[in-house]
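According to my numbering, the residues represented by the sequence shown are 1 to 122, in order.
Mixed in with the good hints, there may be bad ones.
Calculated lysine to aspartate or glutamate pairs in the EDC-like style (CA-CA distance at most 20 Å, straight line) [what the hints assert, rightly or not]:
#1 K9 with E24
#2 K8 with E20
#3 K33 with D4
#4 K13 with E94
#5 K8 with D93
#6 K86 with D25
#7 K100 with D4
#8 K86 with D102
#9 K21 with D39
#10 K2 with D93
#11 K107 with D93
#12 K66 with E90
#13 K23 with D34
#14 K3 with D102
#15 K105 with E90
#16 K9 with D25
#17 K21 with E43
#18 K73 with E20
#19 K13 with E69
#20 K2 with E69
#21 K23 with E43
#22 K2 with E90
#23 K79 with E24
What follows is a list of derived Cβ distance ranges for each label pair [stated by the list, open to error]:
#24 L120 with M1: 34 to 42 Å
#25 K13 with K66: 20 to 28 Å
#26 Y59 with F36: 26 to 34 Å
#27 K73 with K9: 18 to 26 Å
#28 N37 with M1: 14 to 22 Å
#29 N7 with L106: 35 to 43 Å
#30 K3 with L120: 32 to 40 Å
Derived from the structure by calculation, the hints contain no laboratory data. Quantities reported herein were computed from a predicted structural model and do not represent experimental measurements. A virtual CB, placed ideally from N, CA and C, is assigned to each residue, including glycine.
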Amino acid sequence: MKKDILNKKDIEKLVNLFYEKVKEDAIIRPFFKDNFNWDKHLEIMYNFWENVLFYTGNYGGNPMNKHFEIHAKTPLRMKDFHQWTKLFNESVDELFAGEKADLIKLKASNIATVMQMQLLKG
Numbered sequence: 001m002k003k004d005i006l007n008k009k010d011i012e013k014l015v016n017l018f019y020e021k022v023k024e025d026a027i028i029r030p031f032f033k034d035n036f037n038w039d040k041h042l043e044i045m046y047n048f049w050e051n052v053l054f055y056t057g058n059y060g061g062n063p064m065n066k067h068f069e070i071h072a073k074t075p076l077r078m079k080d081f082h083q084w085t086k087l088f089n090e091s092v093d094e095l096f097a098g099e100k101a102d103l104i105k106l107k108a109s110n111i112a113t114v115m116q117m118q119l120l121k122g
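With the sequences and hints as input, model every part of the structure.
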């Protein structure tokens, strides 16, 4: 039986699996430049998702601004958000089950929806 997401180590495991999928994905991979700093990005994502799930306060960035920058260079489409959510949920489901696992999937879906509304309006 799978355990629930309990701590930062679990977040790191989830984020690592998710981005391994991203690196192989034909839809999402093109948004990451060839010289992309994966180590820096992963550390930011560990803190982001830990904060989202456990309210640690250890993330101080602005994900909307970053995604506006990405969108300006390579426009994001609805199918990109759907694929991102699909890969994220698959990663959660492969590793975890429980209240926090369900919550992180819900929060990821909500974040993707807000980003779609902000980026794709107009």
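Right, here's what the structure says about each hint:
no.: 1; hint: K9 with E24; result: 23 Å, violated
no.: 2; hint: K8 with E20; result: 18 Å, holds
no.: 3; hint: K33 with D4; result: 33 Å, violated
no.: 4; hint: K13 with E94; result: 11 Å, holds
no.: 5; hint: K8 with D93; result: 17 Å, holds
no.: 6; hint: K86 with D25; result: 11 Å, holds
no.: 7; hint: K100 with D4; result: 6 Å, holds
no.: 8; hint: K86 with D102; result: 14 Å, holds
no.: 9; hint: K21 with D39; result: 16 Å, holds
no.: 10; hint: K2 with D93; result: 9 Å, holds
no.: 11; hint: K107 with D93; result: 15 Å, holds
no.: 12; hint: K66 with E90; result: 24 Å, violated
no.: 13; hint: K23 with D34; result: 11 Å, holds
no.: 14; hint: K3 with D102; result: 12 Å, holds
no.: 15; hint: K105 with E90; result: 10 Å, holds
no.: 16; hint: K9 with D25; result: 24 Å, violated
no.: 17; hint: K21 with E43; result: 17 Å, holds
no.: 18; hint: K73 with E20; result: 23 Å, violated
no.: 19; hint: K13 with E69; result: 27 Å, violated
no.: 20; hint: K2 with E69; result: 37 Å, violated
no.: 21; hint: K23 with E43; result: 16 Å, holds
no.: 22; hint: K2 with E90; result: 14 Å, holds
no.: 23; hint: K79 with E24; result: 16 Å, holds
no.: 24; hint: L120 with M1: 34 to 42 Å; result: 39 Å, holds
no.: 25; hint: K13 with K66: 20 to 28 Å; result: 23 Å, holds
no.: 26; hint: Y59 with F36: 26 to 34 Å; result: 19 Å, violated
no.: 27; hint: K73 with K9: 18 to 26 Å; result: 34 Å, violated
no.: 28; hint: N37 with M1: 14 to 22 Å; result: 37 Å, violated
no.: 29; hint: N7 with L106: 35 to 43 Å; result: 19 Å, violated
no.: 30; hint: K3 with L120: 32 to 40 Å; result: 36 Å, holds
The structure shown violates the earlier hints numbered 1, 3, 12, 16, 18, 19, 20, 26, 27, 28, 29.
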